[in-house]
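Undergrad: Sequence:
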Amino acid sequence: MNITKPAKKAIMAMTVAGMVGLGAVGAGTTYSVHQANAAAAADAGYASKQALQTLNSFYKPALKGQFPGAVSGLTVGKSTRQDVLHKIGEPENPMKDADGFDVYSANMGNPGYAIHYKLGKIREMRYFGTNVERQTNIGGITMKMLKQNWYAPSSVSTFKTGNKTQTKLTYNRGNYKLEFIFNSSTELDHINLLTK
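In terms of mature numbering (1 follows the signal peptide of the UniProt record, and there is no 0), the sequence shown is residues -27 to -1, 1 to 169.
Calculated directly from the structure, the hints in this document are not laboratory data. Source: prediction; values computed, not measured. Mixed in with the good hints, there may be bad ones.
[What the hints assert, rightly or not] Once the Cα atoms are required to be at most 27 Å apart in a straight line, the calculated DSS-like pairs of lysine-lysine come out as:
{"hint": "1", "residue 1": "120", "residue 2": "137"}
{"hint": "2", "residue 1": "94", "residue 2": "137"}
{"hint": "3", "residue 1": "60", "residue 2": "137"}
{"hint": "4", "residue 1": "69", "residue 2": "94"}
{"hint": "5", "residue 1": "141", "residue 2": "94"}
{"hint": "6", "residue 1": "137", "residue 2": "37"}
{"hint": "7", "residue 1": "33", "residue 2": "137"}
{"hint": "8", "residue 1": "120", "residue 2": "22"}
{"hint": "9", "residue 1": "141", "residue 2": "169"}
{"hint": "10", "residue 1": "69", "residue 2": "33"}
{"hint": "11", "residue 1": "133", "residue 2": "51"}
{"hint": "12", "residue 1": "94", "residue 2": "22"}
{"hint": "13", "residue 1": "169", "residue 2": "117"}
{"hint": "14", "residue 1": "133", "residue 2": "91"}
{"hint": "15", "residue 1": "133", "residue 2": "120"}
{"hint": "16", "residue 1": "117", "residue 2": "91"}
{"hint": "17", "residue 1": "150", "residue 2": "137"}
{"hint": "18", "residue 1": "22", "residue 2": "37"}
{"hint": "19", "residue 1": "37", "residue 2": "51"}
{"hint": "20", "residue 1": "51", "residue 2": "33"}
{"hint": "21", "residue 1": "141", "residue 2": "120"}
{"hint": "22", "residue 1": "33", "residue 2": "22"}
{"hint": "23", "residue 1": "69", "residue 2": "51"}
{"hint": "24", "residue 1": "37", "residue 2": "120"}
Turn these sequences into a full structure, and let the hints guide you.
TA: What follows is the structure, given as structure tokens:
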């Protein structure tokens, strides 16, 4: 029987809910706690695997100055604002001045982006990931995961953004650099792509 991942997750969630419910009325309490722990571990393993897949999807496109996904084919330093508008449409929050970003909000499982231009061409792209099931996207990427899979970054720096202290891990990829901006060692805020 071939069941899709969402269907498997729904079946697992219903099974766990049923077991926890039985535990609440006194039948099989030890069994339901064990089942709930096993289901949580399986879900965490799935999320971590998906987050790693997301992380690795940035590795090769960055060599060409590109991000994967909806903005694939748009290149930092080459593509124009018109190219961006043609590819992904009008931004929800257009840039207000020359130093601003066109912001595309994350919605309906689609990731969010922010794009900055200089002299009419993309200067920087930011990837904010998805809001739905964020742990299977950049929300599941940790500093440890990044360093274990991509090894030591080219540089590391810490800076203040408002009241937040953030850490930037930079990886050089050909003529470009990928910057992973973390709020903490386990919370990736966004990924930047720009020229070196």
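Undergrad: For every hint, state whether the structure bears it out.
TA: We went through each hint and held it up to the structure:
For the proposed pair residue 120 and residue 137, the alpha carbon gap of about 23 Å is at most 27 Å, so the pair holds. Between residue 94 and residue 137 the CA atoms are separated by roughly 30 Å; this puts the pair beyond 27 Å, and the hint is violated. Distance restraint check for residue 60 and residue 137: the Cα-Cα separation of roughly 33 Å exceeds the 27 Å cut-off, and the hinted pair is therefore not satisfied. As the CA atoms of residue 69 and residue 94 are separated by approximately 16 Å, the hinted pair is consistent with the 27 Å bound.
At most 27 Å may separate the alpha-carbon atoms for a hinted pair to count; residue 141 and residue 94 meet this at roughly 24 Å. With a C-alpha separation of about 32 Å, the suggested pair residue 137 and residue 37 falls outside the 27 Å cut-off, and the hint is violated. Taking the CA atoms of residue 33 and residue 137, the gap is near 31 Å; set against the 27 Å cutoff, the hint is violated. For the hint pairing residue 120 with residue 22, the CA-to-CA distance comes to about 16 Å; that is within 27 Å, so the pair holds.
Taken as a hint, the residue 141 and residue 169 pair is honoured in the structure, with Cα atoms around 15 Å apart against an allowance of 27 Å. Proposed proximity of residue 69 and residue 33 is contradicted: the alpha carbons are some 32 Å apart, above 27 Å. Taking the CA atoms of residue 133 and residue 51, the gap is near 30 Å; set against the 27 Å cutoff, the hint is violated. Under the criterion of a C-alpha separation no larger than 27 Å, the hint pairing residue 94 with residue 22 is inconsistent with the structure, at around 35 Å.
In summary, the hint linking residue 169 to residue 117 is supported, as the alpha carbons are separated by about 24 Å, within the 27 Å threshold. In summary, the hint linking residue 133 to residue 91 is supported, as the alpha carbons are separated by about 24 Å, within the 27 Å threshold. Of the pairs offered as hints, the one joining residue 133 and residue 120 holds, with about 22 Å between alpha carbons and a cut-off of 27 Å not exceeded. Restraint check for residue 117 and residue 91: the C-alpha separation of about 34 Å exceeds 27 Å, so the hint is violated.
A distance of roughly 23 Å separates the Cα atoms of residue 150 and residue 137; the hinted pair therefore holds under the 27 Å criterion. A distance of roughly 25 Å separates the Cα atoms of residue 22 and residue 37; the hinted pair therefore holds under the 27 Å criterion. At most 27 Å may separate the alpha-carbon atoms for a hinted pair to count; residue 37 and residue 51 meet this at roughly 11 Å. As the CA atoms of residue 51 and residue 33 are separated by approximately 18 Å, the hinted pair is consistent with the 27 Å bound.
Between residue 141 and residue 120 the CA atoms are separated by roughly 13 Å; this keeps the pair inside 27 Å, and the hint holds. Pair hint residue 33 plus residue 22 holds up; C-alpha atoms about 19 Å apart against a cutoff of 27 Å. Between the alpha carbons of residue 69 and residue 51 the distance comes to roughly 22 Å, so the proposed pair stays at or under 27 Å and holds. Proximity of residue 37 to residue 120 is assessed by CA-CA distance (about 22 Å); at most 27 Å being required, the pair is judged to hold.
When the structure is compared with the earlier hints, violations turn up for hints 2, 3, 6, 7, 10, 11, 12, 16 and for no others.
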